[in-house]
Amino acid sequence: MDEDGDVTEPEQPDAAAGGLDETLGETLETPIARPAAAWPSCPACGAEVAPEDGYCEECGADLLVRRSEPALPAGGPCRSADCAGESFTDGYCDVCGSPEPDPRDHYERDLGPVAGVTDRGLRHSRNEDDMSLAVLGASGGAPVAVAVVCDGVSTSYKPETASAAAALTAREHLVLALRRGEDPNSATLGAFEQANKAVAALPADPVDEGNGRASTMVTAIVAEDGVTVGWVGDARVYWLDSNPEDSLALTLDDSWAGRMIADGTLTEEEAFKSPLAHTILRWLGPGAPEEPANLRVFLPDGPGLVLACSDGLWNYVPDAADLARLAAGGFGGLQAAANAMASVAIEGGGHDNITAVLLPWPPRRPEPGGEPTSEIQAVNEPVEGNEQ
Amino acid sequence: MSNQPQFTVNVYQNEYLAEGASEVNAIVSVQSAAAYGGAAVRRAAQVIMVDCSGSMDYPPTKMAAARQATEAAIDAIRDGVPFAVVAGTHVARMVFPGTEYLVPADASSRAAAKAAVARLTAGGGTAMGQWLAMADRLFTGHEQAIRHAILLTDGKDEHEDPSDLAAALSRCEGRFTCDCRGIGTDWVVAELRRVSTALLGTVDIVADPGRLSADFQQIIEHAMGKAVGDVRLRVWAPQGAQVKFVKQVAPQIVDLTGRRAPGPNPLTGDYPTGAWGAESRDYQVCVQVRPGSVGDEMLAARIGLVAVDGAGQAAVLGQGLVKAIWSDDIAQTGRIDRTVADYTGQTELADAIREGLEARKNGDLDTATARLGRAVKLAAESGNDETALLLAKVVDVDDPATGTVRLKQRVSDADEMTLDTRSTRTARVGKNRNNHS
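Heads up: the sequence lines are chains P and Z, in that order.
Position one of the first sequence corresponds to residue 1 (this note's numbering), numbered consecutively onward.
Position one of the second sequence corresponds to residue 1 (this note's numbering), numbered consecutively onward.
Treat the hints with care, as some may be off.
[What the hints assert, rightly or not] Reference listing, derived: stretches of chain Z covered by chain P, where coverage requires no fewer than 3 residues with Cβ under 8 Å from a Cβ of chain P: (1) 235-244; (2) 291-303.
[To be verified] Derived coverage of chain P by chain Z (criterion: at least 3 residues anywhere in the stretch with Cβ under 8 Å from a Cβ of chain Z; other residues may be distant): (3) 96-102; (4) 121-134.
[What the hints assert, rightly or not] Far from chain P by the CB rule (all over 10 Å, computed), these chain Z residues: (5) Glu143; (6) Ala190; (7) Ala198; (8) Asp204; (9) Gly225; (10) Ser280; (11) Ser327; (12) Glu355; (13) Arg410; (14) Asp413; (15) Arg428.
By construction, these hints were calculated from the structure, which means they are not laboratory data.
All values reported here derive from a predicted model rather than from experimental measurement.
Heads up, the beta-carbon is just placed ideally off N, CA and C, and yes, glycines get one too.
Given these sequences and hints, build the entire structure.
Structure below.
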């Protein structure tokens, strides 16, 4: 784990044009407060731009949308401690057969008004969770922060590809729909439809056509006028109130336990004792029930944090008030708070992959010069691993 | 090469291992689809070895059937394919052509060859090593072709030392493939199986001489359908791992473990599979790896299929990955892969039959009853009806579910040899995974 307090390095003005890959994902011990610099330059073409510009006048790039980058190839030597291998084929070390260093094992993304971490944990061979974040700035007004958290269904075929495809597709849909002026509810429903299509479009298991890909997903749109949450499956969104006792879960798991609790058939304690507790009743991908996603709109009556997370976190800390105390209002940095939450799950045993994304309400203004706008990408790009 | 057939490699396994477990088992299923069009795609070369020892005249229908079958085989050889016919006794003698070389098949060479075959008579002993050595000499200079031979015999290899046959086999290994047929019941299954296994061919009994022609014709047609010559399984396993065995498990069991040749790097070994047409074969691979802890993942083996041409150049036709993932989820680690389990069962079935028949021959009736009973039980469980029928000719089955059997007092040699030769044939296993939650 990175030390708490690490934050993603803000894009340096001069590095903006063309040097994105080298600088993204690096971490520096930079204080959370960032210099209130003016918009530096257009990240797409390098032309000078003004803070209030919505689009670059040179190349037309959207300056007020920032998107988190997906995990980038890590490279480096074999992750097995007693192996000197440096070359990899089919994703495995040529000497000892260990999996190639996987950028998704652990990565953090901090866009200012939203920050998150995803981690492999200790007991799974790969990270089947993924996240995708965005901030829509409104010049002069409050920004809208967007978070998508996905958890690939372990028993499905290549679950890590399903979660990656779903997270990227949903985030792109949310960004574009909100920019078009769609209301958050319809943007959310559309995001689930598109993500479902994206997962269904991935090739099924060649060995077993019936074994398609599957992921769960939660989305959160945090705007000044409220929080819009969508979900399918058992990833969760919590409201973490500045008064911890007023915190609550905004989602209701699409799982066997969730349904038993919702019906009033079983208490929470009873339900989670069942071996069926975590059986998913809804997911994205082939064979999923064709119903619109679950939606919830929530208007906080005071400041706090929205937490979007996978079950790898809430299995260790299910209680909203406990989570609120853990996040401590995000003071000390949003990214640091998200990392601290993930650490608790890892120290507790790290039995599953862990993803924690925090978004403050009311939404914080984006710091100029954070992660840059990136081209709309990856939605149509293969998110496959090594297929051959 | 556009003529190359399309190869598909699929791996079936439960990659989840419990903590501390170190043995990884997988079935590697290889299918090749004919992407070539009939005519001489890849040059073939054919040698037919016919046993002409004195015993072939007892009864004389054997020699007559051998002549007729060889003529049918000659007719089935594709135009332009170089071929020869060898008469096998205590020496090897050219039947057609008269000297040691191969003649391309056409109307006139076929007619001449058949005329020579029609004049074949029985007389002399049996020294198969000599026959194979001649076939090997005949194929010299045809290294670019897919070289195939048929060996027909009715007797034991008794006019040479067993070491002579072994030496001939080790020279011929990798030089050509050979399908072996035993006619009558005086030949030795284990001996002919040694030849067919070393030369990556089939072995079978032709109890009824009348069926030999159709069998020969089928063998030649099969051989003419081969489109890629020297194909090898190239197995990579990580440092510290050990490949415990590599076996072909369908259409018949052939243990390739001892046939490993060094691959392109120290972690890789090549196992020969011979020539391929449009067909599918399944292999079982077992690798012992260093045990991992929960959450660890490892590539336990990479199984490549490579075609090696006459110049030693390897072309990769396909590959599959065998993985190991250590987990503490009993739902994952406890899952039985049906494909692996079924083939493991069928391999045990073949072993039980072989051991049972051997014990019976040696007069150890308790072991014979136990092993053949076990075979009956396994055949019933795996739905291997063909083998169950063959077993029922050797034992009286009281209860197939428990494997309770009694050895029959009188068993015909043909029935016993049929069971023995066909025990390595496997029933193809359905590949649809049924083990997902």
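If we take the beta carbon of Z:Arg410, is the closest beta carbon in chain P still more than 10 Å away? holds, 48 Å
Evaluate the condition: distance from the CB of Z:Asp413 to the nearest CB of chain P exceeds 10 Å. holds, 44 Å
No chain P beta carbon within 10 Å of Z:Asp204's: holds, 32 Å
Cβ contact check, 8 Å cutoff: the region 235-244 of chain Z against chain P, three residues minimum: Since three or more residues must qualify, the claim that chain P covers the region 235-244 of chain Z holds, with 5 doing so at under 8 Å.
Counting residues of the region 96-102 of chain P that have a beta-carbon nearer than 8 Å to any beta-carbon of chain Z, does the count reach 3? holds (count 4)
Is the nearest CB of chain P more than 10 Å from the CB of Z:Ala190? The claim stands: Z:Ala190 keeps its Cβ more than 10 Å from every Cβ of chain P (closest is about 37 Å).
Would Z:Glu143 pass as off the interface with chain P, using Cβ distances and a cut of 10 Å? Its Cβ never comes within 10 Å of chain P, the nearest being 31 Å, so this holds.
Taking 8 Å as the C-beta cutoff, is the stated coverage of the region 121-134 of chain P by chain Z satisfied by three or more residues? Held - the region 121-134 of chain P has 6 residues with a Cβ nearer than 8 Å to chain Z, which meets the minimum of three.
If you look at each residue in the region 291-303 of chain Z, do at least three have a Cβ nearer than 8 Å to any Cβ of chain P? Since three or more residues must qualify, the claim that chain P covers the region 291-303 of chain Z holds, with 8 doing so at under 8 Å.
Looking at Z:Glu355 again, its CB stays over 10 Å from all of chain P? Z:Glu355 is indeed farther than 10 Å from all Cβ atoms of chain P, at 34 Å.
Is the Cβ of Z:Ser327 farther than 10 Å from every Cβ of chain P? Contrary to the label, Z:Ser327 does not stay out of reach of chain P, its closest Cβ about 8 Å off (not over 10 Å).
Status of Z:Ser280, Cβ more than 10 Å from any chain P Cβ: At roughly 15 Å from the nearest Cβ of chain P, Z:Ser280 sits farther out than 10 Å, so the non-interface label holds.
Comparing the model with each earlier hint shows a violation of hint 11 alone; every other hint is respected.
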